[in-house]
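J.: Sequence:
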Amino acid sequence: MTIAERNFPKHLVDPINCPCCKQAVHVPTLEIVVDHYKVTPLEARILGAVWKGKGMPVQTERIFDAMYIDDPDGGPTPTKMYLAFKVGLCHLRAKLQGSGINVENVGYRRGYRLVLGEK
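All letters in the sequence shown, in the order written, are residues 69 to 187 by the numbering used here.
Think of the hints as simulated: they come from the structure by calculation, not from any bench.
Model, not experiment: these values are computed from the prediction.
Worth double-checking, as some hints may not be accurate.
Pairs of lysine-lysine residues, derived as DSS-like cross-links and limited to a Cα-Cα distance of at most 25 Å, are as follows [claimed, not checked]:
| # | residue 1 | residue 2 |
| --- | --- | --- |
| 1 | K163 | K148 |
| 2 | K106 | K90 |
| 3 | K122 | K106 |
| 4 | K154 | K122 |
| 5 | K106 | K154 |
| 6 | K122 | K163 |
| 7 | K106 | K163 |
| 8 | K154 | K120 |
| 9 | K90 | K163 |
| 10 | K106 | K120 |
| 11 | K163 | K120 |
Computed Cβ-Cβ distance ranges for the label pairs, DEER-style [what the hints assert, rightly or not]:
| # | residue 1 | residue 2 | range |
| --- | --- | --- | --- |
| 12 | L98 | C158 | 17 to 25 Å |
| 13 | T108 | G142 | 15 to 23 Å |
| 14 | G175 | Q91 | 32 to 40 Å |
By construction, the Cβ of each residue, glycine as well, lies at the ideal position given by its N, Cα and C atoms.
Just need the whole structure built from these sequences, with the hints factored in.
T.: Structure below.
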């Protein structure tokens with residue numbers, strides 16, 4: 069049993085079946101969540117940036133960097149980047165609704181954080 073499994077109450081997140089072995093996973097990884105909920109690449113980058121924060125606030129600029137990491141120009145204008153982020157976040161939240169995995173706004177200019185276990 070890993071440290072994450074010992075410290076993570078099993079009832080907080082609904083079990084997800086592993087795409088490879090089809091067994092229930094009570095402590096999902098980012099890859100399993102992305103696969104199970106059919107998250108788009110942009111939504112996966114948003115979720116990945118917040119997931120790396122491990123429950124701590126992640127500034128919006130860091131999420132933007134993750135969204136456009138492959139773009140040599142750094143992405144579109146800040147206004148278009150923010151709009152794409154808000155649309156992607158809205159779709160991501162809709163897909164994860166009821167799963168026990170949430171991305172919440174921490175406060176004005178503080179960013180977003182991953183919350184596990186709130187349905």
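J.: Under the criterion that the straight-line Cα-Cα distance not exceed 25 Å, is the pair K106, K154 satisfied?
T.: Between K106 and K154 the Cα gap is close to 18 Å, so the pair holds against 25 Å.
J.: When you take the CB atoms of T108 and G142, is the distance between them in 15 to 23 Å?
T.: holds, 21 Å
J.: Would the hint linking K106 and K120 be met if the CA-CA limit is 25 Å?
T.: holds, 20 Å
J.: Given the proposed pairing of K122 with K106, does the C-alpha separation stay at or below 25 Å?
T.: Holds - the C-alpha atoms of K106 and K122 are around 22 Å apart, at most 25 Å.
J.: K106 and K163 were given as a pair; does the straight-line alpha-carbon distance stay at or below 25 Å?
T.: With Cα atoms ~8 Å apart, K106 and K163 stay inside 25 Å; holds.
J.: Verify the proposed pairing of K163 with K148, using a straight-line Cα cut of 25 Å.
T.: The hint holds at about 23 Å.
J.: Please work out if K90 and K163 have their alpha carbons no farther apart than 25 Å.
T.: The given pair, whose Cα atoms are some 21 Å apart, holds under the 25 Å limit.
J.: Verify the proposed pairing of K154 with K122, using a straight-line Cα cut of 25 Å.
T.: holds, 21 Å
J.: Has the given pair, K106 with K90, been kept, meaning a C-alpha gap of at most 25 Å?
T.: The hint holds at about 16 Å.
J.: Measure nothing beyond the straight line between the CA atoms of K163 and K120; if it is 25 Å or shorter, mark the hint as holding.
T.: Satisfied, since the Cα-Cα distance of roughly 19 Å is no more than 25 Å.
J.: Does 17 to 25 Å hold as the CB distance between L98 and C158, or does it fail?
T.: Since the Cβ atoms of L98 and C158 sit about 20 Å apart, the hinted range of 17 to 25 Å holds.
J.: Mind checking the hinted window 32 to 40 Å against the Cβ distance between G175 and Q91?
T.: holds, 39 Å
Checked against the numbered hints listed earlier, the structure breaks none of them; every hint is satisfied.
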